[in-house]
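Please build the complete structure, drawing on both the sequences and the hints.
Residue numbers (this note's numbering), protein chains in the order written: chain A, 1 to 337; chain B, 1001 to 1279.
None of these hints come from the bench; they were simulated from the model.
If you want the ones that stay clear, here's a sample from chain A, every Cβ over 12 angstroms from chain B, calculated: (1) VAL231; (2) ALA268; (3) ILE281; (4) ARG288.
Which stretches of chain A does chain B cover? Using the computed rule of at least three CB atoms under 8 angstroms from a CB of chain B, they are: (5) 69-77; (6) 90-96; (7) 100-107.
Ideal Cβ positions, reconstructed from N, Cα and C, are used throughout, including at glycine.
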Amino acid sequence: MDVHLKNITMSFQSAGSNVIAVNNFSATIKSGEMVSLLGPSGCGKSTTLMMLAGLYRPTEGQIFFGDTDVTKVDAEKRGIGMVFQNYALYPHMSVYKNIMFPLKMMKVKKPEANKKVEEVARLVQIEHLLDRKPAQLSGGQQQRVAIARALVKEPKLLLLDEPLSNLDARLRLETREEIRRIQLKVGITAVFVTHDQEEAMSISDRIILMKDGLLQQVSPPQEMYRRPVNVFAAEFIGNPPINMLDNLPDYGGKLVGIRAEHFHVSDAGMFQGEVTHMETIGRDTLIRVTGANGVSVRTFADAETRVRLGDAVHLSVKPENIHVFDKTSGERVGEGA
Amino acid sequence: MKTINWKDVIKKAVIYLIVGSGALLMIVPFLWMLSSSLQTSHQVNLRPPVWFPNPPQWGNYQRILHYAPYFPRYFLNNIIVASVGTILELSTSILAAFAFSRLKFWGRDVVFYILLATMMIPAEIMLIPNFLTIVRLGWLDTYQALIIPWSASILSIFLLRQFFLGIPDSLSHAAKVDGCRNFRFLWAVMVPLARPALVTIALLSIISSWNAFLWPLIVTNSHNMRTLPLGLALFRGEAGTFFELLMAASVVVVLPMVILFVIMQKHIVASVSRSGLKG
Ligand SMILES: Nc1ncnc2c1ncn2[C@@H]1O[C@H](COP(=O)(O)OP(=O)(O)O)[C@@H](O)[C@H]1O
Ligand SMILES: [Mg+2]
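Laid out in structure tokens, this is it:
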């Protein structure tokens, strides 16, 4: 089922002032794909998800599930599954009853419901926890229960609001792979909200990037990385953050973005300076090179070049890896020459 | 070698002394009541008091019926009024607290604060207006008169509203997504979660209705409608008070509450510490 958002605007009236959380937002989520809604905190991701769920009614615009206009359909009737940041499990019910709850609301017959609960419990690997109460589970286990509850009624759309942010780093990595595995296995259309670019890059088929309620870029992860459409997209995606340089000789009046891994230490190059900082993390050595005018850039040093702190180096970069942006609008204007 | 930490011992001793004397202070009147209920009419008036009547006058309990033949009826009335009243109060509290915490409507908070303000009006001031209302409704000497005026309590609504406000929004969102509308959510999720608060409310309601004296006194006049606390007054006649019978009857009145407390003890502790009566 394709999902279309058409010119969605959502404004909140709070303390007399009008907050526009989502501003004239349009996007399409294709059937069976996993799309990330990515952006900094407060940019309107959760609000967008709530509107998809039917928990908020957009101030303006329309939402379509397939060909059906669901803008005015209540959450109860949209037939979606949702996973919340704090899991929102019913504390007084056992894991089994939690997962059963949506089926009970749909008045599914008991034997069939039991079968479905057991199936989905097997899918998310919590068969052994069915008798426990949520409080007796670890964060990761609660997360799985929440996913099971969202999936048990076989919804056409799965919404996940920062589902990993309450987990510790290692578990986050595992659970993220797990969520992707389940999504692919079930073949469900899914929207995954996150503020973590790495999470979005790794899990999704496409990323929808937002800022201040406005859509910035929609593209597959690698393309967003290779061809950011504006300064914001360039700076938000990638770690370490992209080097943004102003007033380079050949690029007057433009901003130039170059990712750390695209610089190479060499005999001659567009950037020269002194190595002022080095740190080795695992197999990578990250260095900071500071030019004569005080401008500094980050890059990686190859193992064989053997640069040391204080060395004077040149950095070269391939033209296609230079992103050029207009200084006032921030829009991409092309690549390096 | 094991040394005795005298500071700890003294601290413990002082604590036990204070708590113990508090407990004693609470229990002595009960013991006195129990003891008096088993004495002869001569013994109850002796100074210093007799603590262990020998032989105990169990017959006093039978004589209650002799002096107050309607006593069983009063007992029944008390049970009816307390249980129906409590069920009604729980229902109104749940519904009102739900409205004041979850539903969005114009003027919600203003209405709530006005209701809250009425808690500052002393009950005595409400006595006559309430009485007149009952008279106009033609409800004098009926169960309605005993029950309806007490079937909603601002304090209970307030307690429960605070509890409901503490239940995160995401839970109601999850329920909605799961296909559960407002009222279903209230019964399936909010009410079970609020059990500690509901136990507190039920107990407060049962106790106040069980012990009510003034209101039943003015709205009832037939034996069929009177309640236990009024029944106790029958033992104080113009010719004097039958203390041993009054005490025996009091034991009968108090006993159900004591049993209730023993049964609910765990819940009461849990509810006070969890709901924290945080309002
Ligand atoms: N119920 C609400 N009432 C008023 N303002 C809100 C409400 N929900 C969200 N907002 C505002 O809308 C903006 C976007 O919020 P949100 O969608 O939660 O952001 P995100 O999930 O991307 O962090 C924020 O400025 C937030 O303060
Ligand atoms: Mg959010």
